[in-house]
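Let the hints inform the model, and build the full structure from the sequences given.
Chain order of the listed sequences is A and B. According to the numbering used here, the first sequence is numbered sequentially starting from 1. According to the numbering used here, the second sequence is numbered sequentially starting from 78.
No lab work stands behind these hints: they were computed from the structure. Misleading hints may appear alongside valid ones.
[Said to hold, decoys possible] Examples of chain B residues toward chain A, derived with CB under 10 Å:
| hint | residue |
| --- | --- |
| 1 | ASN104 |
| 2 | PRO108 |
| 3 | MET109 |
| 4 | CYS110 |
| 5 | SER146 |
| 6 | ASN147 |
| 7 | TRP148 |
| 8 | PHE160 |
| 9 | GLY162 |
| 10 | ASP165 |
| 11 | LYS168 |
| 12 | MET170 |
| 13 | ALA171 |
[To be verified] Below, computed lysine-lysine pairings styled on BS3-like, alpha-carbon distance capped at 27 Å:
| hint | chain 1 | residue 1 | chain 2 | residue 2 |
| --- | --- | --- | --- | --- |
| 14 | A | LYS56 | B | LYS158 |
| 15 | B | LYS158 | B | LYS137 |
| 16 | A | LYS15 | B | LYS157 |
| 17 | B | LYS157 | A | LYS72 |
Here a beta-carbon is modelled for each residue, glycine too, at the ideal position from N, C-alpha and C.
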Amino acid sequence: MPIEQFKLEELIKNKFPNANILVEDLAGDNNHYSVSIESSAFNGLSRIQQHQLVYKSLDGLMDNELHAMQLKTKGTE
Amino acid sequence: MELDENTKTQIENMIGENEVFLFMKGNPDFPMCGFSSVASAILKKCGVNFGHCNVLDDEKIREGIKSFSNWPTIPQLYIKKEFVGGCDIMKEMAESGELIELLNTRGIETQIS
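This is the structure:
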C-alpha cells in the first residue's frame, strides 16, 4: 500500500524538526522513495543507529506501506 | 515480528559459521530484488567469500532477521557476527573505501576486482 510523497515528507518533518530533508519519488509510483535527511539528531550516532532512528520514526510503515526507501542520513557536525 | 528460539539459533549459526554473511532475496547469481542485487555485487567486487541465506525460502528467517537486527529491510550484511547494515549503508561504505577497510581490519581477505 503506497504512501503519498507529501505524507511521507510530513511524517519525517514532524519527527525531525529543523532537519534538511529531501524526498524523491524514484519510480513515480508512491512506493519507491529516496530520502535524505541531515539532522543534528544524528550527531554522534553510527550509520546503523541513524537509519534505525529513521525507521523507528516511521512507525512500522517500512515494509508495510512502503516497499522501498533509499536512505541517506547525515549529522550536522 | 516474532523471533522464536529456533529461528534465533539458526540465524546465530549462519552468522557464526560465515565470516561474511548476507541475508538477501534470491541468491548472488540470481538476486530477486534490486537491493539484494546491489548488495551481493558489492561483496563480489570486494572479492570476499560470503555465505548467504535466501529469505524468500524461509518465512521464519525472513521475519526473524528483522527482529534479530532491529532492521526492517532485506538485504542485511553481517561481518564476524556483527550487523553492518543494509544496501544503502553498504553502498556508502563501498564508495568511501570503509567496507574494504572494515573487512581487512577484521582479518578477512579481499581481492578487489
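Evaluated hints:
Using the Cβ-Cβ criterion of 10 Å, the hint placing ASN104(B) at the interface with chain A is not satisfied: the shortest such distance is roughly 20 Å. The restraint placing PRO108(B) at the interface with chain A is violated, with a minimum CB-CB distance near 14 Å, outside the 10 Å limit. A distance limit of 10 Å between C-beta atoms decides the matter here; for MET109(B) the minimum to chain A is near 14 Å, and the interface restraint is violated. With its C-beta approaching chain A no nearer than about 9 Å, CYS110(B) sits inside the 10 Å limit, and its interface hint holds.
For SER146(B), the suggested interface contact is upheld, since its CB lies about 9 Å from the closest CB of chain A, less than 10 Å. With its C-beta approaching chain A no nearer than about 6 Å, ASN147(B) sits inside the 10 Å limit, and its interface hint holds. Residue-level restraint check for TRP148(B) holds (minimum Cβ-Cβ distance to chain A is 7 Å; threshold 10 Å). At its closest, the beta carbon of PHE160(B) sits 7 Å from a beta carbon of chain A; the interface hint therefore holds under the 10 Å criterion.
The closest approach between the C-beta of GLY162(B) and any C-beta of chain A is roughly 6 Å, which is under the 10 Å cut-off, so the hint is satisfied. The criterion of a C-beta within 10 Å of any C-beta in chain A is met by ASP165(B), whose closest approach is roughly 5 Å, and the hint holds. The closest approach between the C-beta of LYS168(B) and any C-beta of chain A is roughly 9 Å, which is under the 10 Å cut-off, so the hint is satisfied. The beta carbon of MET170(B) is positioned within 10 Å of a beta carbon in chain A (closest approach about 8 Å), and the interface hint is therefore held.
Interface hint status for ALA171(B): violated, as the beta-carbon distance to the closest one in chain A is roughly 13 Å, over 10 Å. Of the pairs offered as hints, the one joining LYS56(A) and LYS158(B) holds, with about 23 Å between alpha carbons and a cut-off of 27 Å not exceeded. The suggested pairing of LYS158(B) with LYS137(B) holds, with an alpha-carbon distance near 19 Å, which does not exceed 27 Å. Simply put, LYS15(A) and LYS157(B) have alpha-carbon atoms about 34 Å apart, too far for the 27 Å limit, and the pair is violated.
Straight-line distance between C-alpha atoms of LYS157(B) and LYS72(A) comes to about 25 Å, which keeps the hinted pair within the 27 Å bound.
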